[in-house]
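Residue strings, one per chain:
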Amino acid sequence: DVKVTQSSRYLVKRTGEKVFLECVQDMDHENMFWYRQDPGLGLRLIYFSYDVKMKEKGDIPEGYSVSREKKERFSLILESASTNQTSMYLCASSGQGGGNTIYFGEGSWLTVV
Amino acid sequence: AQSVTQLDSQVPVFEEAPVELRCNYSSSVSVYLFWYVQYPNQGLQLLLKYLSGSTLVKGINGFEAEFNKSQTSFHLRKPSVHISDTAEYFCAVSERGGATNKLIFGTGTLLAVQP
Numbered sequence: 001d002v003k004v005t006q007s008s009r010y011l012v013k014r015t016g017e018k019v020f021l022e023c024v025q026d027m028d029h030e031n032m033f034w035y036r037q038d039p040g041l042g043l044r045l046i047y048f049s050y051d052v053k054m055k056e057k058g059d060i061p062e063g064y065s066v067s068r069e070k071k072e073r074f075s076l077i078l079e080s081a082s083t084n085q086t087s088m089y090l091c092a093s094s095g096q097g098g099g100n101t102i103y104f105g106e107g108s109w110l111t112v113v
Numbered sequence: 001a002q003s004v005t006q007l008d009s010q011v012p013v014f015e016e017a018p019v020e021l022r023c024n025y026s027s028s029v030s031v032y033l034f035w036y037v038q039y040p041n042q043g044l045q046l047l048l049k050y051l052s053g054s055t056l057v058k059g060i061n062g063f064e065a066e067f068n069k070s071q072t073s074f075h076l077r078k079p080s081v082h083i084s085d086t087a088e089y090f091c092a093v094s095e096r097g098g099a100t101n102k103l104i105f106g107t108g109t110l111l112a113v114q115p
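Sequence lines, in order, name chains A and B. So for the first sequence, my numbering puts the first residue at 1; every next one is plus one. So for the second sequence, my numbering puts the first residue at 1; every next one is plus one.
Each hint should be verified, as a subset may be incorrect.
What the hints assert, rightly or not - List time: in silico DSSO-like cross-link candidates among lysine-lysine, alpha-carbon distance up to 30 Å:
| id | chain 1 | residue 1 | chain 2 | residue 2 |
| --- | --- | --- | --- | --- |
| 1 | B | K49 | A | K55 |
| 2 | A | K3 | B | K58 |
| 3 | A | K71 | B | K49 |
| 4 | A | K70 | A | K55 |
| 5 | A | K57 | A | K71 |
| 6 | A | K57 | B | K58 |
| 7 | A | K3 | B | K49 |
| 8 | A | K53 | A | K18 |
None of these hints come from the bench; they were simulated from the model.
Modelling step: build the complete structure from the supplied sequences, incorporating the hints.
So, in structure tokens, the structure goes:
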């Protein structure tokens with residue numbers, strides 16, 4: 001079974017803190033994604049990566065950055081957390097090519113106070 | 001660019017009744033279509049997907065969906081629901097032939113099955 005593991009399920013951070021959300025996949029997938037989920041808005045793509053050290057902005061990249069130094073690991077970074085970044089963050093991965101199933105982690109609930 | 005509309009934010013239904021969750025999409029190019037399910041406090045799990053061929057797609061847990069190109073729809077159906085089907089359901093599209101397979105999601109439909 002494909003496994004996408006997000007390191008923290010629940011985090012509480014203070015405004016202005018630097019926050020790291022870590023994600024690891026065990027299927028040698030080329031593509032990795034970070035989505036944000038908010039009630040009534042569905043899932044919105046923050047960033048994705050199609051190879052090591054390669055990244056592209058999604059629909060809502062402002063306030064976020066990412067890092068992919070190894071194929072299996074994709075990190076989401078909030079340089080200076082703000083309260084409007086309180087949300088559920090979902091990491092996902094897939095093989096290359098259209099139509100491939102995208103597999104999701106269980107999510108990280110981030111509260112910024 | 002693509003977009004996905006899920007017309008119902010919530011669908012209440014009694015156990016053993018049939019259900020249909022509606023999904024319409026907009027795209028200037030051909031797309032692949034997906035339905036995902038999210039149980040409480042969990043990530044998303046693939047229910048089914050349409051890539052090509054037969055427009056009726058069967059998925060896990062007794063769900064099926066029909067692709068209708070003329071109506072740009074991909075509605076999800078189940079003939080008889082169970083309490084355990086209570087979850088949020090997301091319709092999504094990705095660009096056929098695109099360089100990456102990133103998904104564009106709808107806003108979700110909460111299926112609430114009542115005894």
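(message) Run through the hints listed earlier and report the numbers of any the structure violates, in increasing order.
(response) The structure conflicts with hint 6 only, although it agrees with all the remaining ones.
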